[in-house]
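Visitor: Those protein sequence lines, which keep their order, are chains S and L.
First residue of the first sequence? That's 184 in the working numbering, and the numbers climb one at a time after it.
First residue of the second sequence? That's 6 in the working numbering, and the numbers climb one at a time after it.
Treat the hints with caution; some may be incorrect.
[Stated by the list, open to error] Subject to a maximum C-alpha distance of 20 Å in a straight line, what follows is the list of computed EDC-like cross-link-like pairs (lysine to aspartate or glutamate):
{"id": "1", "chain 1": "S", "residue 1": "360", "chain 2": "S", "residue 2": "385"}
{"id": "2", "chain 1": "S", "residue 1": "360", "chain 2": "S", "residue 2": "186"}
{"id": "3", "chain 1": "S", "residue 1": "273", "chain 2": "L", "residue 2": "192"}
{"id": "4", "chain 1": "S", "residue 1": "391", "chain 2": "S", "residue 2": "521"}
{"id": "5", "chain 1": "S", "residue 1": "313", "chain 2": "L", "residue 2": "192"}
{"id": "6", "chain 1": "S", "residue 1": "257", "chain 2": "L", "residue 2": "192"}
[Claimed, not checked] Among the chain L residues that face chain S by a calculated CB cut under 8 Å, a handful are:
{"id": "7", "residue": "198"}
{"id": "8", "residue": "201"}
{"id": "9", "residue": "203"}
{"id": "10", "residue": "206"}
{"id": "11", "residue": "211"}
{"id": "12", "residue": "214"}
[To be verified] Okay, the calculated beta carbon distance ranges per label pair:
{"id": "13", "chain 1": "S", "residue 1": "288", "chain 2": "L", "residue 2": "36", "range": "40 to 48 Å"}
{"id": "14", "chain 1": "S", "residue 1": "366", "chain 2": "L", "residue 2": "204", "range": "48 to 56 Å"}
{"id": "15", "chain 1": "L", "residue 1": "100", "chain 2": "S", "residue 2": "196", "range": "43 to 51 Å"}
{"id": "16", "chain 1": "S", "residue 1": "288", "chain 2": "L", "residue 2": "214", "range": "46 to 54 Å"}
{"id": "17", "chain 1": "L", "residue 1": "115", "chain 2": "S", "residue 2": "244", "range": "29 to 37 Å"}
{"id": "18", "chain 1": "L", "residue 1": "246", "chain 2": "S", "residue 2": "196", "range": "53 to 61 Å"}
{"id": "19", "chain 1": "L", "residue 1": "204", "chain 2": "S", "residue 2": "492", "range": "51 to 59 Å"}
{"id": "20", "chain 1": "L", "residue 1": "123", "chain 2": "S", "residue 2": "348", "range": "35 to 43 Å"}
{"id": "21", "chain 1": "L", "residue 1": "130", "chain 2": "S", "residue 2": "191", "range": "37 to 45 Å"}
{"id": "22", "chain 1": "S", "residue 1": "252", "chain 2": "L", "residue 2": "276", "range": "56 to 64 Å"}
{"id": "23", "chain 1": "L", "residue 1": "22", "chain 2": "S", "residue 2": "350", "range": "14 to 22 Å"}
{"id": "24", "chain 1": "S", "residue 1": "403", "chain 2": "L", "residue 2": "130", "range": "53 to 61 Å"}
{"id": "25", "chain 1": "L", "residue 1": "190", "chain 2": "S", "residue 2": "212", "range": "29 to 37 Å"}
{"id": "26", "chain 1": "L", "residue 1": "23", "chain 2": "S", "residue 2": "350", "range": "53 to 61 Å"}
Since the hints were made in silico from the structure, they are not lab data.
Yeah, the Cβ is synthetic: ideal placement off N, Cα and C, and Gly gets one too.
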Amino acid sequence: MAEVRLEGVYKSFGSTTVVEDLSLTIRDREFLTLVGPSGCGKSTTLRMICGLERASAGNIYFDSRQVGYLPANKRDVAMVFQGYALYPHKTVEENIGFALKMMRVPRAEIAERVGQAARTLGIEELLARKPRELSGGQRQRVALGRAIVREAGAYLLDEPLSNLDAQLRVVMRAELKRLHADLSRTFIYVTHDQVEAMTMSDRIAVMKDGVLQQCAAPEEIYERPANMFVAAFMGSPPMNVITGELREEAGTVSFHGQGIAQQLPDTVITRLDGAGERKVVLGVRPEHVMLSTTAQPGFHPGKVFVAELLGADVLVTVDVNGALIKARVPPPFQLGTDTTVHIGFPEHKLHLFSDADGRALGSRVAA
Amino acid sequence: MTQVGVPLRYRIPWRKFVIYLLAVFFALFLVLPFYWIFSMSFKHEVDANAVPPQWIPMDPTLQAYLSFVHPDEAQQLVGSRAVADTPFALGNSLVVATLTALLNLILAVFAAYSFSRIRFRGSQVLMMVYLLTRMVPGIAIIIPFYLLMRALGLLDTYFALILSYTTFALPVTIWILKDFFRTVPRELEDAARVDRCGWFRMMWTVFLPISAPGLVAAAVFSFMTAWNEFMFALFLTSTRASQTIPVIAANFATDLNTQYTVMAASGVLAVLPPLILVLIFQRLIVQGMAAGSVKG
Chain S
184 MAEVRLEGVY KSFGSTTVVE DLSLTIRDRE FLTLVGPSGC GKSTTLRMIC
234 GLERASAGNI YFDSRQVGYL PANKRDVAMV FQGYALYPHK TVEENIGFAL
284 KMMRVPRAEI AERVGQAART LGIEELLARK PRELSGGQRQ RVALGRAIVR
334 EAGAYLLDEP LSNLDAQLRV VMRAELKRLH ADLSRTFIYV THDQVEAMTM
384 SDRIAVMKDG VLQQCAAPEE IYERPANMFV AAFMGSPPMN VITGELREEA
434 GTVSFHGQGI AQQLPDTVIT RLDGAGERKV VLGVRPEHVM LSTTAQPGFH
484 PGKVFVAELL GADVLVTVDV NGALIKARVP PPFQLGTDTT VHIGFPEHKL
534 HLFSDADGRA LGSRVAA
Chain L
6 MTQVGVPLRY RIPWRKFVIY LLAVFFALFL VLPFYWIFSM SFKHEVDANA
56 VPPQWIPMDP TLQAYLSFVH PDEAQQLVGS RAVADTPFAL GNSLVVATLT
106 ALLNLILAVF AAYSFSRIRF RGSQVLMMVY LLTRMVPGIA IIIPFYLLMR
156 ALGLLDTYFA LILSYTTFAL PVTIWILKDF FRTVPRELED AARVDRCGWF
206 RMMWTVFLPI SAPGLVAAAV FSFMTAWNEF MFALFLTSTR ASQTIPVIAA
256 NFATDLNTQY TVMAASGVLA VLPPLILVLI FQRLIVQGMA AGSVKG
């Protein structure tokens with residue numbers, strides 16, 4: 184078990200910088216997810232922690248020990264690869280026990296630990312098979328088995344679910360979370376899927392273009408995104424954003440943009456004092472948008488652009504003076520296209536971002 | 006009006022017909038000579054060139070084969086050296102070809118791994134230079150080779166042959182392996198590293214076993230190169246200590262009395278080892294060659 188600490192880590196390949204000044208502490212026994220769009224440097228970060236890639240600058244520590252100079256085989260880590268990377272010429276049993284064999288663990292103990300890992304993952308009956316005789320889900324389990332059979336300081340998972348079909352992914356997501364709870368070890372998980380990040384992690388580190396955007400618990404990321412990128416990336420469908428400006432009249436602050444005028448709560452005034460930001464972006468998540476068939480104070484009239492049934496919810500896109508606002512409402516939704524509806528934004532669920540650099544202005548307007 | 010019961014005109018597939026006919030001719034072209042010496046090796050000398058030819062020996066005998074072990078008095082008398090030398094030559098060829106294949110493989114694995122995994126300036130050019138050495142005709146370098154081997158005191162030894170053949174086979178071996186190694190996913194190497202393997206351990210326990218088809222194809226190629234080679238063997242060897250089967254086969258033609266059946270028998274023996282090798286590893290060889298060509 185170990186705490187993994189990165190201090191001012193950089194990584195460049197030639198003239199391209201892939202990871203920039205990354206400082207991040209992954210706590211002992213924590214499930215931390217590195218999430219971001221492809222090319223954001225999350226996999227490279229994982230490979231640097233693993234020792235498969237050397238940091239161009241900065242230090243990496245496992246507990247108090249500096250490991251930056253150690254190759255992968257000298258670091259105490261286990262890893263699950265995106266393509267599983269099972270040894271095709273070895274049986275499942277040999278695949279899982281391979282690291283232990285390399286560490287010269289006695290044969291009897293290897294057999295016992297492999298058996299235990301197989302039981303945990305429900306693949307006991309597959310031990311004699313070769314990887315090519317397994318389905319995708321089974322291979323995935325073997326790859327996991329190869330990691331959990333070790334007693335490593337940290338378990339690194341590089342998009343382990345991305346090759347599975349959607350249904351299996353949901354199953355494995357839950358199993359992974361359960362596995363982490365049972366094993367109580369440090370997990371570092373890389374994914375580009377914000378749902379995986381949300382559902383499984385203790386904390387999420389959102390990356391973009393090699394730069395860490397925010398590292399916090401899932402609720403925090405969701406409720407108080409540090410900037411517009413995090414706000415838009417986390418959450419599906421993404422947050423509605425409206426560009427505009429703030430106006431201050433007679434002690435009240437309101438937002439005006441794209442034909443929408445929105446009164447802001449008083450608390451926002453204190454937050455904005457001194458910031459001097461007037462060009463802003465207003466954000467509101469689809470599930471917080473209120474929809475009404477009748478005009479109500481503070482609501483904005485619009486027309487139904489399209490309604491999509493998601494199953495548990497209906498995603499209604501409303502055209503408000505040319506701005507397309509998505510609202511997530513419970514079914515049934517019977518109104519046809521171009522019907523007039525009224526949408527409202529609850530004051531306490533609004534986000535404000537600087538139009539200049541996207542950073543959150545007092546994250547949620549009224550926290 | 007529709008016509009019922011009129012069969013479609015059967016079209017003769019001329020194209021197919023011609024292709025198959027050519028294929029059959031080509032197969033005969035390859036197989037017949039070998040069949041001829043095979044059948045001749047079981048004949049009595051008098052029947053060897055009988056007219057009309059006997060395609061199947063009327064009175065099969067193992068006499069030709071036995072004469073390698075016990076040359077009869079007549080053969081010893083007229084000095085059929087080639088007959089007596091054949092068993093030694095087969096042994097020499099086996100040793101030389103096997104060691105050439107092994108040495109080649111060991112050297113080529115390191116080179117091919119570097120070519121396939123490490124991006125370094127001039128790697129393509131270097132590979133071309135290696136392959137270009139194969140464009141030089143053997144006759145152009147045989148004299149320097151001879152002088153070199155004489156200076157090293159290696160004339161008429163296995164070393165002279167193994168070293169020469171390795172220089173022939175190595176560029177192509179590297180090329181075959183390089184293409185094969187590129188098909189091995191890098192993730193597997195990473196996995197082995199994480200599973201506590203150093204580089205050599207990773208190669209031995211993961212990378213090379215996975216590359217078995219490529220390794221076998223490369224080994225068979227270098228074995229064949231050494232097995233078939235004639236000119237260098239002729240120059241660099243002089244006695245039973247190192248003469249290989251192609252040299253001895255040539256001696257048959259120059260011996261004072263030429264016995265067709267014995268010559269045929271030695272031909273059959275000379276073909277057997279590579280044939281057995283290829284039959285055993287057939288599946289792997291095809292995989293190895295195909296991997297290189299598809300992914301190259």
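Visitor: All hints are to be evaluated individually against the structure, with a verdict given for each.
Guide: Cross-check of the supplied hints:
no., hint, in the structure
1, S:360 with S:385, "holds, 10 Å"
2, S:360 with S:186, "holds, 19 Å"
3, S:273 with L:192, "holds, 16 Å"
4, S:391 with S:521, "violated, 38 Å"
5, S:313 with L:192, "holds, 18 Å"
6, S:257 with L:192, "holds, 18 Å"
7, 198, "holds, 4 Å"
8, 201, "holds, 4 Å"
9, 203, "holds, 6 Å"
10, 206, "holds, 7 Å"
11, 211, "holds, 6 Å"
12, 214, "holds, 5 Å"
13, S:288 with L:36: 40 to 48 Å, "violated, 56 Å"
14, S:366 with L:204: 48 to 56 Å, "violated, 30 Å"
15, L:100 with S:196: 43 to 51 Å, "holds, 49 Å"
16, S:288 with L:214: 46 to 54 Å, "violated, 21 Å"
17, L:115 with S:244: 29 to 37 Å, "holds, 36 Å"
18, L:246 with S:196: 53 to 61 Å, "holds, 56 Å"
19, L:204 with S:492: 51 to 59 Å, "holds, 56 Å"
20, L:123 with S:348: 35 to 43 Å, "holds, 37 Å"
21, L:130 with S:191: 37 to 45 Å, "holds, 40 Å"
22, S:252 with L:276: 56 to 64 Å, "holds, 57 Å"
23, L:22 with S:350: 14 to 22 Å, "violated, 53 Å"
24, S:403 with L:130: 53 to 61 Å, "holds, 55 Å"
25, L:190 with S:212: 29 to 37 Å, "holds, 32 Å"
26, L:23 with S:350: 53 to 61 Å, "holds, 54 Å"
When each numbered hint is compared with the structure, violations occur for hints 4, 13, 14, 16, 23.
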